[in-house]
Amino acid sequence: MADALRAVVDALRAALPEAVDEVAEFRGETTLIVGRERVLEVLAYLRDRATLRFPVLMDLTALDRLPAEPRFEVVYFVTSLDPPARLRVKTRVGEGDLVVPTATVLWPAADWLEREVYDLFGIQFSGHPGLTRILMPDDWEGHPLRKDFPLVEEPVEFVGRVPKVPSRIIPDVPSKGE
Amino acid sequence: MATMTHETLTINMGPQHPATHGVLRLVLDLEGEVVVSARPVIGYLHTGFEKEMETRTYHQNIVFPPRVDYLATMIEEVAYVQAVEKLLDLAVPKRAQYIRVILMELSRIASHLVWLGTSAIDLNITSAFMYTFAFREKILDLFEEVSGQRMMHGYMRVGGLQWDLPEGFEQRVSALIEELPGRLDEYERLLTDNLIWRERLEGVAVISAADAVRYACTGPVLRGSGVDYDVRKAFPYCSYEDFAFDVPLGQRGDAFDRYTIRMEEMRQSRRIILQALDRLPDGPIITDDRKVVLPPRRELVRSMEAVIHQFKLVSEGFHPPPGEVYAAVESPRGEKGYYIISDGGNRPARVRIRAPSFTNLQALPVMVYRGTIADVVVAIASIDIVLGDVDR
Numbered sequence: 001m002a003d004a005l006r007a008v009v010d011a012l013r014a015a016l017p018e019a020v021d022e023v024a025e026f027r028g029e030t031t032l033i034v035g036r037e038r039v040l041e042v043l044a045y046l047r048d049r050a051t052l053r054f055p056v057l058m059d060l061t062a063l064d065r066l067p068a069e070p071r072f073e074v075v076y077f078v079t080s081l082d083p084p085a086r087l088r089v090k091t092r093v094g095e096g097d098l099v100v101p102t103a104t105v106l107w108p109a110a111d112w113l114e115r116e117v118y119d120l121f122g123i124q125f126s127g128h129p130g131l132t133r134i135l136m137p138d139d140w141e142g143h144p145l146r147k148d149f150p151l152v153e154e155p156v157e158f159v160g161r162v163p164k165v166p167s168r169i170i171p172d173v174p175s176k177g178e
Numbered sequence: 179m180a181t182m183t184h185e186t187l188t189i190n191m192g193p194q195h196p197a198t199h200g201v202l203r204l205v206l207d208l209e210g211e212v213v214v215s216a217r218p219v220i221g222y223l224h225t226g227f228e229k230e231m232e233t234r235t236y237h238q239n240i241v242f243p244p245r246v247d248y249l250a251t252m253i254e255e256v257a258y259v260q261a262v263e264k265l266l267d268l269a270v271p272k273r274a275q276y277i278r279v280i281l282m283e284l285s286r287i288a289s290h291l292v293w294l295g296t297s298a299i300d301l302n303i304t305s306a307f308m309y310t311f312a313f314r315e316k317i318l319d320l321f322e323e324v325s326g327q328r329m330m331h332g333y334m335r336v337g338g339l340q341w342d343l344p345e346g347f348e349q350r351v352s353a354l355i356e357e358l359p360g361r362l363d364e365y366e367r368l369l370t371d372n373l374i375w376r377e378r379l380e381g382v383a384v385i386s387a388a389d390a391v392r393y394a395c396t397g398p399v400l401r402g403s404g405v406d407y408d409v410r411k412a413f414p415y416c417s418y419e420d421f422a423f424d425v426p427l428g429q430r431g432d433a434f435d436r437y438t439i440r441m442e443e444m445r446q447s448r449r450i451i452l453q454a455l456d457r458l459p460d461g462p463i464i465t466d467d468r469k470v471v472l473p474p475r476r477e478l479v480r481s482m483e484a485v486i487h488q489f490k491l492v493s494e495g496f497h498p499p500p501g502e503v504y505a506a507v508e509s510p511r512g513e514k515g516y517y518i519i520s521d522g523g524n525r526p527a528r529v530r531i532r533a534p535s536f537t538n539l540q541a542l543p544v545m546v547y548r549g550t551i552a553d554v555v556v557a558i559a560s561i562d563i564v565l566g567d568v569d570r
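For the protein sequence lines, the chains are A and B, in the order given. Take the first sequence: its letter number 56 is residue 56 in the working numbering, and every next letter is one higher. In short: position in the second sequence from 1, add 178, done, that's the working numbering.
So that you can see chain B by itself, here it is in the shape it has in the complex:
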């Protein structure tokens, strides 16, 4: 009989690995199958967004945010423009805020569906992936209808929106949203009652509430450990205080809790969308501050002033007062903040993107410590990282 050796074996997982959700590399020290240490190595997708944003005007920078977190694109755009709005101390019309809320919550559902599908495929449950992606595609169709693009919308403007919703959009959103609870029940029948799914998720990748706070985890990772912190409730933005919704919490802080939280969040998103559709006010969709937003086309043929404003905004952009602001939103992954510093010029002096995936990923070694290597896959999936957000 062979004797057991107690050597540690160091192996590389990634950067090219189907279960790392992008180009993430993990250096794992193993004792047999047990992980004694995990060291994430990141930076493979570093594109220097923060540096690039210093070289462009505030309006030109709107193209970057959806590329940072490419699964929650609408949320990302709002995160950036509302930081600039705070810098300018600009009020956004109520209709624009409500439309933003509808699109952000649709974006949250789309992002959670991608997470659900890819997590299931990591555990070899391929059919759930097909169903969730098919439903997500319908949400992206709505985004395409409203902005012209499935993913990189560029629909948000500083002060409001690019244009109003297309005709019949509200009806199509509510029709799709009506379909959601049945779909979610279907996914839950596939997964929650699935023995493999439960055995792989329950009690795996546990992080205590104290650790989650010390590691600055946010989003479902923090709430899975039972800490009640949701930016939408704590620091309401974009009229979230107008809507009634619950923040689901977990108790054990394991992968299964994060799964149930995200499923419940989709149902709560539906609740918010229904309320916003119901109370969607009429009115302008962008502020009328001519120093910030482009004048309407019809004014250009009649007013010299409008032509001058158009010329100044297109060629130079606007100059916010010197100062610094931090504005955050609740992205599907946690607190996504933009910290913008203005020196009075037409370009930001510094843009810092507070990325929830980055800090959540830092807690991965805690979650996988003394677990098996198979559970590492579950842990990565349950954090729901987006590598564009980690590396920026």
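The following block holds chain A by itself, in its conformation from the complex:
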């Protein structure tokens, strides 16, 4: 972990005790795992009060960890522009209680991103101004990026008689007088 980022995480742990459950690191990227109740507090801290400010919510997404429990993770990507740094904040939600507080109160950019997560994973964001489907049709059933949503192709239905001889595929035109 870069020194500046370590300083941010240490200061965050001091300022908001017990907010960060876990700090994971892989290939030089840092991920904070935060409880759902504290996630907005942590994001607001990173945006406004941290020693290195993270003013951009670069991305927001979710993942389905089936069969692990809690099943879903909501991931926030925050970026500092100057000096450049990236940080990921994650929160976990289990099935039966899929509600996360909305980040639209901090960033308007979260609006569509949360709608996309709702659309594809079925996670609710409490306080979101208009949580409707965004990519899938409004009357779609289910949430496609869940692991238990099957990826199938719609079968093509052939109805009626299928002629064996290619030249017979051209429909018969009744001749005059018939």
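Just so you know, these hints were derived from the structure itself, not from any lab. No residue lacks a Cβ here, since even glycine has one placed at the ideal position from N, Cα and C. You can take every hint at face value.
Facing chain A, according to a computed beta carbon distance under 8 Å, are these residues of chain B, among others:
hint, residue
1, Ile220
2, Asp267
3, Arg392
4, Tyr504
5, Gln540
Taking lysine-lysine and the DSBU-like style, the derived pairs with C-alpha atoms no more than 30 Å apart in a straight line are:
hint, chain 1, residue 1, chain 2, residue 2
6, A, Lys90, B, Lys411
7, B, Lys490, A, Lys147
8, A, Lys90, B, Lys229
9, B, Lys469, B, Lys229
10, B, Lys272, B, Lys469
11, B, Lys272, B, Lys411
12, B, Lys316, B, Lys411
13, A, Lys90, A, Lys147
14, A, Lys147, B, Lys229
15, B, Lys316, B, Lys272
16, B, Lys272, B, Lys490
17, B, Lys490, B, Lys469
18, A, Lys147, B, Lys469
19, B, Lys229, B, Lys490
For this one, chain A is given, so just place chain B on it according to the hints.
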């Protein structure tokens, strides 16, 4: 004399509209000609790339990225493979990195030329469209020469490239690149000095720096508002730290600033390509890690081990360690990131595509608020959206 009514009129713009650059639908509330609210409705081109990528091996997935953003195909392929390389902690040979840089910058020029031509045609300047597409076609010819395909190349491999450059490719690139400044001057004479172009673009579709940051805009939309953020400089990848280039910035955040930035970016791309051609090192074009890349054909007739590796890679693919990585590139539209999660299997557990067009389009209602309906067309063109990237 008729009295003026102050009703709001709701109209649909798109999804089938020539000036929306694809299947984008806008629901506009109008007071006369003035837009009081705009609501983009997207999803008409949703193809489920992220779901599809979970069902294929890491190598098979290389076919998807160029179809996401079909105007910046080489950049898109590198964005994906370098995320997988980061996951594997794999070093890419210097020659492969330099070739990637050359192809990515050519791709950026090609994408900006499409943007320039289509933006001009939205304002009824048809001739610029013909010129830019003719020049773009020459770049696509180079891509075809190197990969076999004009657009959906599949030239990048995890760890390097499919094969080396064809003979004389460097000379043909530099010949084409020599032609570029003259062409750009020609387009600028057509447009920058054109009264209609300036009147339609200056002061239109303005977004402040604070708003651009709050809406997570990236690329020329963010830089047009004066915020200095370019992934190539901020988080250098693919040896971009070896090259000298400038990041042009705007001041007013209007459509004209975005236009001048993209024109300057093409000139900077040329600078990068010339440096990369000049210093193009010799050496391998793909890593020799046999657990990831296919063995060369000549080894297959001599080595049993090579046959086994070939069989394992073709039938099953490789297994990256469990973990998650995010790797981003600077696409012509902004920060394009791939967030890949591995559970240790031969297919990714989840691939998330951070699409710059998606977040940039979200700021459209801010840009067109209280403008006229004619300026909506300018605003859409100046964001430079690709609907494949928006809907994925």
